[in-house]
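Visitor: Each chain, letter by letter, is given below.
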Amino acid sequence: MEEEKHMLLGGKYEKGKLIGTGTFAKVYHGREVSTGESVAIKVINKDQVRDQGMVEQIQTEISATRLVRHPNIVELREVFATKSKIYYVMEYVSGGELFAKVSGGGRLKEDVARKYFQQLISAVDFCHSRGVSHRDIKPENLLLNGNDDLKITDFGFSALPEQKRYDGLLHTQCGTPAYVAPEVLRKKGYDGAKADIWSCGVVLYVLLAGFLPFHDENLMNLYRKIFKAEYEFPPWFSPETRKLISKLLMADPERRISIEGINRVPWYRRGISRNSSFRSKRERVSSPDPTPGLKKSISSPSFFNAFELISSMSSGFDLSTLFESKEKKKVASMFTSKFSAAAIVERIEAAARGMRFIVETEDDFKVRIDGTEEGRKGPLAVTAEVFEMAAEMTVVEFTKDSGDTLEYERFCEEGIRPALKDIVWTWQGDVGSSNGAGEVTVNSG
Amino acid sequence: MPVSIKECCCFLKKIGNPRRIIHFALLASETSFSINEIEALHDLFERLSHAIIEDGLIHKSSGLRFSATAARTICWQILFDIFDIKKNGVIEFDEFVRSLSIFHPDAPESDKIEFMFRLYDLKHNGFIERDEMVLALLSEMNVDLSNDEVEAILDKTILDADLNGDGKIDLEEWKAFIPKYPSLLNNMTLPLLR
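From first to last, the protein sequence lines are chains A and B.
The first sequence begins at 101 in my numbering and counts up one residue at a time.
The second sequence begins at 73 in my numbering and counts up one residue at a time.
Worth flagging that the hints you see were computed from the coordinates, not collected in a lab.
Heads up, some of the hints might be wrong.
Simulated DEER-style distance windows between Cβ atoms [to be verified]:
| no. | chain 1 | residue 1 | chain 2 | residue 2 | range |
| --- | --- | --- | --- | --- | --- |
| 1 | B | P263 | A | R517 | 22 to 30 Å |
| 2 | A | E360 | B | E244 | 53 to 61 Å |
| 3 | B | Y253 | A | A491 | 34 to 42 Å |
| 4 | B | P177 | A | M320 | 48 to 56 Å |
| 5 | B | E204 | A | E360 | 52 to 60 Å |
| 6 | A | G361 | B | Y253 | 26 to 34 Å |
| 7 | A | E446 | B | D183 | 22 to 30 Å |
| 8 | A | K117 | B | P177 | 29 to 37 Å |
| 9 | B | L264 | A | G454 | 29 to 37 Å |
| 10 | B | P177 | A | E330 | 31 to 39 Å |
| 11 | A | E360 | B | L264 | 51 to 59 Å |
Here the structure is a predicted model, which is why all the values come from computation and not from measurement.
Here a beta-carbon is modelled for each residue, glycine too, at the ideal position from N, C-alpha and C.
Here chain A stands alone, though its shape is the one from the complex (with noise of 0.2 Å):
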């Protein structure tokens, strides 16, 4: 029984078998007992990472990932460690590696290969939006679920030093550098985010041709034709997507196609498939009156009780002004207006349609405003709803239902503060409108 106990790793998880070896690490399925769940355990020996800074390195890499939750990144789950080793255990991808379709000469059609990309973009984009950026996108580390959608993983090891990542990339499977973009095997300074959509660009030109946009056998020769972006296209690929792989695979970072620039283009564009995970909790109160007109019945907003005055108008209680480092503001979501509540709907609904935001008004006094752009996690989706908080004077609440919070920041920060600037009597919550600390008396216990 005892014994039992003790093969289980972390006391909660089943190894399995080996489905997986890198140059640092062995990667192992495995069952968590209680759930039956799937998992895959990545398992590091601690002799391989002894120098110190790299197991710090690792510990960064950890939270980062920590940081990235997107639908097509491979969720680390839980990391701990015995005396000798490190383990990582992540969310089982069960479809195996994207590039077992295009191996042996296999190509994809234009259209798979685009909701890959897209996914791959996807991926991408919403970390470089939390400051971490892969540096290591290559076959081994896209992987596909059971619904045929990609997952990106491996974000525990992009900061490991170059010296000894690359040197591993060297004796990989594919036995070639051919994803790395030629500013990262200069080895000079780069940035990081734009040579992970160089290796975005190889991996469309691989999906659509079935084979390396570089490759020779010879080193050297290999890397001059990287430094030089120096490949060809096969015959099949369409104008757009020549098009948009040169901006992809152009050797001066600086003139590189963006995220943005991405996003622009029409082929990347077409069928853009909305993340079904990012769908907000709004559809199950979505209640689409078809005669708004009709409805007018309702004739003053909800009331503000005394304890959500308090709770929303000080952040008193609000201990997670404990945690917050000083630079880091809190977009004020709440504003008190001396404006009647008809006048100020009618205010947001105008200072939305003019960001190009799609408007509802749910009743009289709640506001849905949609974003028509694809964003980060989703459309943006917003609701602003009017109290009633003591005669002549009147709450406003903006909540965010769904989409990334960046893009709700900078929705509020740049699109509605300033549009509502003159209704507004003070917003909420905002840091550093407070009166100093100079009244603040000391009751030391």
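Starting from the known structure of chain A, arrange chain B on it as the hints suggest.
Guide: Using the frame of chain A, we list chain B on its own:
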């Protein structure tokens, strides 16, 4: 019990402090936190507890750095009294972790509702009373509201929550009241704790 990477690093650096690790493991087993999270909370605790007096405890005065307004000072004092489980005037690391545990995203909602009740039960007598609320409200405000307006808001709120008509809110009434206004629980969950 698996040991976190961070702890392993500590081990590598200075062959750790086994007593501390056992202490953390114990806390982890009794709260919603993992050992890694408790380690992180310990860093935060050290920062807070070293703010003024360096004795490894949080004193009431330690909260000053984040109570920039009079209203927030009052909130801090209320929180302090609740966090100080042993009522000895200081917050120890154990008390800190146990109280914050209620703010964990995985902590049961019923615990959050009860904790919140205690925030407003200023006299610790099992009721949220109207005059306590007036006090709290008035001191919180940085909005221009007349006394009459504050009174009106309070009347309406009590009317809404006070089911048995005794003019104050007891825990049972509170439990029925909160689900009607779920946004009130927002501050009771700190996503950062995960």
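Visitor: Compare the structure with the hints numbered earlier in the document and write down the numbers of the violated ones, lowest to highest.
Guide: 3, 6, 7, 10, 11
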